[in-house]
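Number of protein chains: 2
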Amino acid sequence: MKNCIIASTSTIYGGKYLDYLLPHLSDLYSHTNEVLFIPYAQPGGMSCDAYTQKALEAFKHIGKNVVGLHTFSNPVEALNKAEGIFTGGGNTFRLVNELYKMDVMQTLRENILNGTPYLGTSAGSNICGLTMQTTNDMPIVYPPSFKTLGILPFNLNPHYLDPTPNSTHMGETRETRIKEFHSLNNLPVIGLREASWLELKGKVISLKGQLTARVFLQNKDPFEVNPTTDLQTII
Amino acid sequence: MKNCIIASTSTIYGGKYLDYLLPHLSDLYSHTNEVLFIPYAQPGGMSCDAYTQKALEAFKHIGKNVVGLHTFSNPVEALNKAEGIFTGGGNTFRLVNELYKMDVMQTLRENILNGTPYLGTSAGSNICGLTMQTTNDMPIVYPPSFKTLGILPFNLNPHYLDPTPNSTHMGETRETRIKEFHSLNNLPVIGLREASWLELKGKVISLKGQLTARVFLQNKDPFEVNPTTDLQTII
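The listed protein sequences correspond, in order, to chains A and B.
So the mapping is simple: our numbering equals the position in the first sequence, first residue as 1, plus 739.
So the mapping is simple: our numbering equals the position in the second sequence, first residue as 1, plus 739.
So here's chain A without its partners, still in its complex pose (with noise of 0.2 Å):
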C-alpha cells in the first residue's frame, strides 16, 4: 500500500528545512529508523555529503537517522532494504539524468508501490508524476527521458505561482506554461502551492495543508480544488 508526502516544497517561507512537515513525517516513517536520502537533484549544485547532512539535522528533530545513496556500492539493494526514503529538492533534470545513469528508477518505482514509506519535496516530488515535463527547472543536463515514477497518475507543478497581480514581466506565467505542455500532452496536470502536500494512503491522494490546489486538464479551463478533496476522484 502506498504510503507518501508528496510536497510542493521543502521549506515554506520564514520557515525552516522541513519544520512545517515535521509531525507529518513522524507519523509517515512511524516505523523507520533510518531513512534513506537521495540527494542527486543537488540545489544550487550542493555536494551529496552537504545535502545529506542537512537533512540529517533535519530529521533528528524526529529522532531519526538518515543516509545517503550516494555512499552505497550497491544502490539497488540499499533501496531495497530501506525502511524509508527521501527524494530531496533541487534540479530535477539532474535527478532523473541520475536515476538512470544508476539504473535505479524501476527499484525505486517498485519500493514506493510495495509500501516503503517516501517523501519528496519539490524535484523528489516532480519524480512522482507520470513525466517531469512539468517541473520548472532549467535543463542543466540531457536525461535520457522524461518519463518518471507515475505513483501518481498525473503530473505536479510544485512551487506553483499564480501569475503576479500588476507585473511587469512579460515572460510566460505558470499558467501559461502548462497551457504550452496541454498544447502537445494529455496527462493532467496539479499545481501544487507552497505550504501544500499530497497524502498517498494506498489509492487516495489527499491535498493537505490550508490553500486549495490548481487542477489543469487539457482543453478545459483550470480549476481549484480544496484541501481534503481525494484527487484521484477529479481527473
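Don't read these hints as lab results, they were simulated from the structure.
These numbers come from a predicted model, not from an experiment.
Possibly wrong hints are sitting among the right ones.
Note that the list lumps identical chains together, so a pair holds whenever it fits in one copy or between two copies.
Said to hold, decoys possible - Below, simulated DMTMM-like cross-link-like pairs (lysine to aspartate or glutamate); rule was C-alpha separation at most 25 Å, straight line:
1) Lys918 - Asp788
2) Lys803 - Asp842
3) Lys799 - Glu914
4) Lys741 - Asp969
Given chain A, work out where chain B should sit, using these hints.
Just chain B now, with coordinates in the frame of chain A:
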C-alpha cells in the same frame, strides 16, 4: 558577415508586439522585402498560421511582408532563399524539437553565419546560444538534443529576472538556476533583461538598450556589463 538582433523579449511592458524594436528592424532588414518567419515556438500553443499573422501585423509598420516557414514544402530551400529570417518566442523545447525533426538546424546556422539578417526574440534568441540549457521554458517535448545554433559563443537567459525583493516564494531564483547549470557546465551565460538585445555585426556582439546585462561565468561571481559593451571581449 553575421547581422543579427537577438532580443530578450518580443514585447515590453505596456508596449505592442515588437514595437520597441521596429526602428532597428528597419535597419536590420533594409535590403529585405519579405521576412521568413519560424513560428515553431508557438507561444501558449498558438497555431503557426495565427503566429505568422501576428508577426505580419508588426512588420507591416516597416513595410515588410512575412511568410511562415511552415507553409513551404521544402524548408531547406526556403531558408536558403530567404532575404531575412525571424524566429519568434514561445517554448524553446518545442522550437528546437521541430528544427531537429525538420533537419534544418544546420541550414539555419549556415544562413545566419553567411549574413542573412536574423531576428530572434526569447526562444528565437535562446537558439542562438551554444545550447538551450539556460531556457526558462517547460520541457513539454523531448528534443533529440539540447545543442543549438552556436551563433553566439555563450548561452543566453532571456527575460532575465533579478530576485524579487521581499518575495515569499521559495522556488529557485534565476541566479540559483544558472548556478546549478554551472555546477555541471562551463559555458558562459548572459542574463539579458527585457528591453535589452544583442546586436551582432560580424564578430562584434554589442549589448543594446538602456539596461545592463548580467554575466555568469563558472566559478566566478556574476557581474554586470553596460550597454554598448562588446560581449566578445568579456567572456
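* Intra- versus inter-subunit Cα pairing at 25 Å for Lys803 with Asp842 -> neither (27 Å within a copy, 54 Å between copies)
* **Homo-oligomer pair classification [Asp788, Lys918; C-alpha up to 25 Å]** => Intra 38 Å, inter 18 Å, cutoff 25 Å: inter-copy only.
* Asked: Which holds for Lys799 with Glu914 at a C-alpha limit of 25 Å: within a copy, between copies, both or neither?
  -> For Lys799 and Glu914, neither the intra-copy (38 Å) nor the inter-copy (31 Å) Cα distance is at most 25 Å.
* Asked: Between the shortest in-copy and the shortest cross-copy C-alpha distance, which are at most 25 Å for Lys741 and Asp969: within, between, both, or neither?
  -> within (15 Å within a copy, 57 Å between copies)
In this structure, the hints that do not hold are numbers 2, 3, in rising order.
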